[in-house]
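Novice: Sequence:
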Amino acid sequence: MMSATSLIQQISVTALPLIFAVTLHEAAHGYAALALGDDTAQRQGRLSLYPLRHIDPLGSIVVPALLLMAGGFLFGWAKPVPVDFRRLHHPRLGMVLVAGAGPAANIVMAILAVLLIGFVGDLPSAGIDWARLNLANAIYLNLLLAVFNMIPIPPLDGGRVAVGLLPRPLAVLLARLENAGMLIVIGALMVLPPVSGLLGYRIDLFDLAINPAITMLLEVLVMVFGR
Numbered sequence: 062m063m064s065a066t067s068l069i070q071q072i073s074v075t076a077l078p079l080i081f082a083v084t085l086h087e088a089a090h091g092y093a094a095l096a097l098g099d100d101t102a103q104r105q106g107r108l109s110l111y112p113l114r115h116i117d118p119l120g121s122i123v124v125p126a127l128l129l130m131a132g133g134f135l136f137g138w139a140k141p142v143p144v145d146f147r148r149l150h151h152p153r154l155g156m157v158l159v160a161g162a163g164p165a166a167n168i169v170m171a172i173l174a175v176l177l178i179g180f181v182g183d184l185p186s187a188g189i190d191w192a193r194l195n196l197a198n199a200i201y202l203n204l205l206l207a208v209f210n211m212i213p214i215p216p217l218d219g220g221r222v223a224v225g226l227l228p229r230p231l232a233v234l235l236a237r238l239e240n241a242g243m244l245i246v247i248g249a250l251m252v253l254p255p256v257s258g259l260l261g262y263r264i265d266l267f268d269l270a271i272n273p274a275i276t277m278l279l280e281v282l283v284m285v286f287g288r
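Counted the way the numbering used here counts, the sequence shown spans residues 62 to 288.
Hint data in this document are derived by calculation from the structure and do not stem from the laboratory. Bear in mind that the values here come from a model prediction, so they are computed numbers and not experimental data. All C-beta atoms, glycine included, are put in the ideal place defined by N, C-alpha and C. Be a bit skeptical, because a hint or two may be false.
To be verified - Simulated restraints on C-beta separations:
| hint | residue 1 | residue 2 | range |
| --- | --- | --- | --- |
| 1 | Gln-105 | Leu-184 | 18 to 26 Å |
| 2 | Ala-274 | Gly-248 | 16 to 24 Å |
| 3 | Glu-239 | Asn-272 | 36 to 44 Å |
| 4 | Asp-145 | Ala-197 | 35 to 43 Å |
| 5 | Leu-154 | Gln-105 | 30 to 38 Å |
| 6 | Ser-73 | Val-123 | 27 to 35 Å |
| 7 | Leu-110 | Pro-228 | 19 to 27 Å |
| 8 | Ile-72 | Leu-184 | 34 to 42 Å |
| 9 | Ala-197 | Leu-260 | 18 to 26 Å |
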């Protein structure tokens, strides 16, 4: 039976990287919006590095925990930072920059984790495994958040980037998916695989697209920043 200490260590090596990844992702949106002319996040107290201001009880705790226990891929969400894109100095370009700030923050955190993991061996022996697992999970979770959020369907960041870059007629059509976008994404990732499997050919977009993108990014980061 796992001891209380081992259980706490197991939880910490997943929870700590996830909290940092989600918190800095959301804060990056708010800081980018403020720099570009919208102070909505600041006025609502969301321009903060304090995790509890960004954590959604269901999306940040319950859903990831259930998926982790079920042995599936880790998936979740935070409370979106409020941004009034109309108040940005250049609304369409600003939308692209604000949306891209979150995934960019995750890439920066993944780079820092790659840099730090090369020095884990210099730590006291008692802390090496814990630090290595924390950093390894930080790399994976940050890359997962960056890749997942860049799926080009609003309200995900990639959808907002696409709306800002596409010609206006196409941007308007894509923007209409805003309310149903998350249902489409969740359906494609969690419902499509088992349903398609029953029909004789399993289609798993996580394995077909998201995981390969994470692997490619990881290989690039290790090649450039690895020790």
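Novice: Hints first: check each against the structure and report whether it holds.
Specialist: Here is what the structure says about each hint:
At about 40 Å, the CB distance of Gln-105 to Leu-184 disagrees with the hint of 18 to 26 Å. The hinted window of 16 to 24 Å between Ala-274 and Gly-248 holds, with their beta carbons roughly 20 Å apart. Separation of Glu-239 from Asn-272 is about 27 Å and departs from the stated range, judged on CB atoms against 36 to 44 Å. With their beta carbons about 38 Å apart, Asp-145 and Ala-197 fall inside the hinted range of 35 to 43 Å.
The beta-carbon spacing between Leu-154 and Gln-105, approximately 23 Å, falls outside the hinted interval of 30 to 38 Å. At roughly 18 Å, the beta-carbon separation of Ser-73 and Val-123 lies outside the given 27 to 35 Å, and the hint is violated. For Leu-110 and Pro-228, the Cβ-Cβ distance of about 37 Å falls outside the hinted range of 19 to 27 Å, so the restraint is violated. With their beta carbons about 21 Å apart, Ile-72 and Leu-184 fall outside the hinted range of 34 to 42 Å.
Checked against the hint of 18 to 26 Å, the C-beta distance between Ala-197 and Leu-260 comes to roughly 36 Å, which is inconsistent with it.
Going through the hint list in order, the structure does not satisfy hints 1, 3, 5, 6, 7, 8 and 9.
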